[in-house]
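Enquirer: Here is what each chain is made of, one letter per residue.
2 protein chains.
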Amino acid sequence: MKFTCSQQTLTKALNTVSKAVTSRTTLPILKGILMKASSDGTLTLSASDLDLSIEKKMDVNVEEEGEIVVLSKLFSDIIRKLPNEDILIEEKENNTALIKTSYSEFTIVGLEADEFPNINDIEDDFATISFDTEIFKNMIRKTSFAASIDESKGIIVGVLMEIEPDGVNMVALDGFRMAVAREEMKNTENRKIVVSAKILNEVNKIISEAEDESDTKIMFSGKKAVIFAENTKIIIRLLEGEFIKYKDIIPTVNQTKVIIDRPALLESIERASLLAKEGKNNLIKLIIKNNLLTITSRSEEGNVIEELIMEKTGEDLEIGFNSKYVMDVLKAVDDEKLLMEFNTSTTPCLVKPIEGDQFEYLILPVRISSNY
Amino acid sequence: MKFTCSQQTLTKALNTVSKAVTSRTTLPILKGILMKASSDGTLTLSASDLDLSIEKKMDVNVEEEGEIVVLSKLFSDIIRKLPNEDILIEEKENNTALIKTSYSEFTIVGLEADEFPNINDIEDDFATISFDTEIFKNMIRKTSFAASIDESKGIIVGVLMEIEPDGVNMVALDGFRMAVAREEMKNTENRKIVVSAKILNEVNKIISEAEDESDTKIMFSGKKAVIFAENTKIIIRLLEGEFIKYKDIIPTVNQTKVIIDRPALLESIERASLLAKEGKNNLIKLIIKNNLLTITSRSEEGNVIEELIMEKTGEDLEIGFNSKYVMDVLKAVDDEKLLMEFNTSTTPCLVKPIEGDQFEYLILPVRISSNY
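Protein chains in written order, with the working numbering: chain D, 340 to 711; chain F, 340 to 711.
One should not assume that every hint holds.
Copies of the same chain are indistinguishable here, so a pair counts whether it falls within one copy or spans any two.
What the hints assert, rightly or not - Restricting the straight-line Cα-Cα distance to at most 27 angstroms, the calculated cross-link-like pairs of lysine-lysine (DSSO-like) are:
#1 K341 to K412
#2 K624 to K412
#3 K476 to K396
#4 K531 to K420
#5 K562 to K624
#6 K670 to K544
#7 K651 to K616
#8 K351 to K586
#9 K420 to K663
Derived by calculation from the structure, the hints in this document are not laboratory data. What you are looking at is a predicted structure, and each value in this text was computed from that prediction instead of being measured.
Extracted from the complex, chain D is given alone in its bound form (with noise of 0.2 angstroms):
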């Protein structure tokens, strides 16, 4: 194998590839970057922590065809720093790899390329569909945060995307705080894919670096998603077992709305959390009262009252939350405004924007006591 190729594009396609590799395996083929120069000019970087792979092509100037996988880490670190001009990458004796500009020359070991996983080993049954880019994005974002972070919770450090005829749903929940959001789209399809969303926060990145603006596309089986963005490709392997049904965990009738001002109310909390420290869940009290918003908060280093204008239909209420999972919701949408539903202060707290329904929030109050 020996080609040559610019620094700024072999570092740029390394930074996307190397998000796949995890410094945490047991394995050490993959704290590897597969390399493979064809004789049609194209070089393919190839990575994968088995879970999540991640393949990207470029054109270069391939003298010789082969393959080589060199250590992440070091490799990345090496091109670098390099100087912006052309590197000439050469396989010598021994999977060894020669990196050499000008003044410069790396020999690198490296591993074997046959222990390589082949990664395009991709059932048939794909189906597909296609996302505006900033669309899924956004739908990434609104939903993820709120997926369980502990992996031993099975299926809910995921998140479902639900394709129906006509629309996508992302729902993400980790037992104290849910995320839904909605997009009205026509599709052929009709599944259910969970994906983990802490795979998916890396897809977010690696599209957002892309500089290609089209649609993404993602095609999926029973046991993987493919997402083509620019000129790479990612592969991820689903989570298996069933999604909790959402849906019948939304309440539908609500007894109090209000509609508050989102920076608003997200500033206050942040300084009422200041002293929200009792205990470790971080508690909050909302009082609901004609058309103010009161929230108070206290610990043993003093207490804190803040008040917001808001406007109410239904009955007055006393609330409390944990300050981090309200946050979490006021960070991940825009609107300037939102729609607060609320029954008892034993009954979860629904969040939705004030026209149409693109997202949805239900965050489980936490009881306080009647002397706080």
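With chain D held as given, fit chain F onto it using these hints.
Expert: Here is chain F on its own, set in the frame of chain D:
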């Protein structure tokens, strides 16, 4: 105590003063900031970890004089997150402080103001020198990194400031390298003080943030130094003991002299360091031969050869270094070209400017085995 003050002014002042607050103290009062409102409309904020004390004055609207100590982190977090409007701060019963804006009201527990250390307890026999602020900052930057970071090493955690009638020298060393910065200036003093390098770096930050561009005035007695920057007074406990007689260890005769391009050398060594992980001493080898400087390094992961054109007078030489110590020097100065002087492969290397004597660095070599 009762005053109002703009949120922005108070945030900026807290940012400065809190640099003297340590979280690792066993004395609870040192986690506090003393606020003193005087009837002349001055608010004085003070903080201290006993080694470093900072006092900042500002004009506020004082309604009632008095003083109170508040927890630095909590108080700063609250003030920072309040909207940019006027804040009312008032002492309430049981040593609590009320913090109030239009829609927010905090009551926080304070500490006993009587317990706060008297940071202005300073002897009378002060000598004074005046520094161009940019020069002072530059001399700190050029030297402080070379001081020892091992608190058990005594005086060498400090930077020597040697005030002589025709100039000031600053010197730091840690047993592996030494940094000397010199500046010509007329002084009426002839004294030596040693200041903790860690504290000097804090001082550098504080005077960099000051908007006033006038000179930095330094007053010092046998035990303390007081630095004035804008409305900030920085009081430093000096280190006690005799500093190493540094002039004795600078070699005067050097066989080999080379002039190199600093940015190019820095980049080459940064790249070579990627493979300089044999043991823990980041070993790189410099081969000085004719007009070519070759830098090599190796580890189990591979090897690297970097080449640089240089100007040389004197003997050819091979010498090993801990790459970190060379890079630290190359990053501390801005000169395009530098002079490096060597005697043998086991004696220190000197790094100087091409002209003048504004700085001088001494770096100990690492012995290289013959088969390296």
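Enquirer: Which numbered conditions among the earlier hints are violated in the structure presented, ordered from lowest to highest?
Expert: 4, 5, 7 and 8
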